[in-house]
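**Q** Read off the chains here:
There are 2 protein chains.
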Amino acid sequence: MYKVKVFVTLRESVLDPQGGAVQRSLHSLGFGQVEDVRIGKYMELTVKESDQDIDVVVREMCEKLLANPVIEEFRYEIEEGVIQ
Amino acid sequence: MYKVKVFVTLRESVLDPQGGAVQRSLHSLGFGQVEDVRIGKYMELTVKESDQDIDVVVREMCEKLLANPVIEEFRYEIEEGVIQ
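So the sequence lines, in the order shown, correspond to chains A and B.
Under our numbering, think of the first position of the first sequence as 1, with each following residue one higher.
Under our numbering, think of the first position of the second sequence as 101, with each following residue one higher.
Treat each hint with caution, since some may be false.
If we take Cβ atoms under 7 Å as the criterion, some of the chain B residues that face chain A in the derived model are [to be verified]:
no., residue
1, PHE107
2, VAL114
3, PRO117
4, SER125
5, MET143
6, LEU145
7, THR146
8, LYS148
9, ASP151
10, MET161
For the record, the hints were derived by calculation from the structure and aren't laboratory data.
Ideal Cβ placement from N, Cα and C applies to all residues, glycine included.
Please build the complete structure, drawing on both the sequences and the hints.
**A** In C-alpha cells:
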C-alpha cells in the first residue's frame, strides 16, 4: 500500500484571485505582514500495489485528472508500505 | 522573508464527498488501485519578518481564517530567509 501526497499549484504566471481574497482577509484581521498568498490543492491518495510502477501511475493520474496542466503544476510524494 | 506552506485537511471523521468523486473518476479512468482519496487545501504564503514570532503568527492565521477547526486540521512548514 502506498500513501501518495499530491500538491497542485497554479502556475506562477496565472492570476490567483482566491489567494488575493485570502490575503486581503488576513490584512483586515491584522496580519499586514503577509505579502502574498497562493492557493493550491492538496490530495492524499491511498493506492494499492500493482504490477505497474507507482511513479508512472501517479504521474498519469495527475496529468489526466488531478491537475490541469494548462494552468497548474503538480508535484507528489510517495510513501511506501503504509499500513491502513 | 518567510515562505510558509500550510496544509489543511478534513478531520478523519468527516466525510469527504469531493474525494469520493475523484476516486470514482480515477476508477473510471482505469486507476482501480486507488483505495481512498482525501482532498485538502495547500497554501503558500510569503510573510515579512516582524517582531512577532512567526510560528505564533502562522498558527493564529490558521486558527482564525485558513482552517475551520471544527472540521479541519492544519499543519505548516516555515522556510526562513527566502529571497523573492
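**Q** Now look at each hint and say whether the structure bears it out.
**A** Results for each hint:
no.: 1; hint: PHE107; in the structure: holds, 5 Å
no.: 2; hint: VAL114; in the structure: violated, 13 Å
no.: 3; hint: PRO117; in the structure: violated, 14 Å
no.: 4; hint: SER125; in the structure: holds, 6 Å
no.: 5; hint: MET143; in the structure: holds, 6 Å
no.: 6; hint: LEU145; in the structure: holds, 5 Å
no.: 7; hint: THR146; in the structure: holds, 4 Å
no.: 8; hint: LYS148; in the structure: holds, 4 Å
no.: 9; hint: ASP151; in the structure: violated, 10 Å
no.: 10; hint: MET161; in the structure: holds, 6 Å
Hint check: violations occur at hints 2, 3 and 9; the rest are consistent with the structure.
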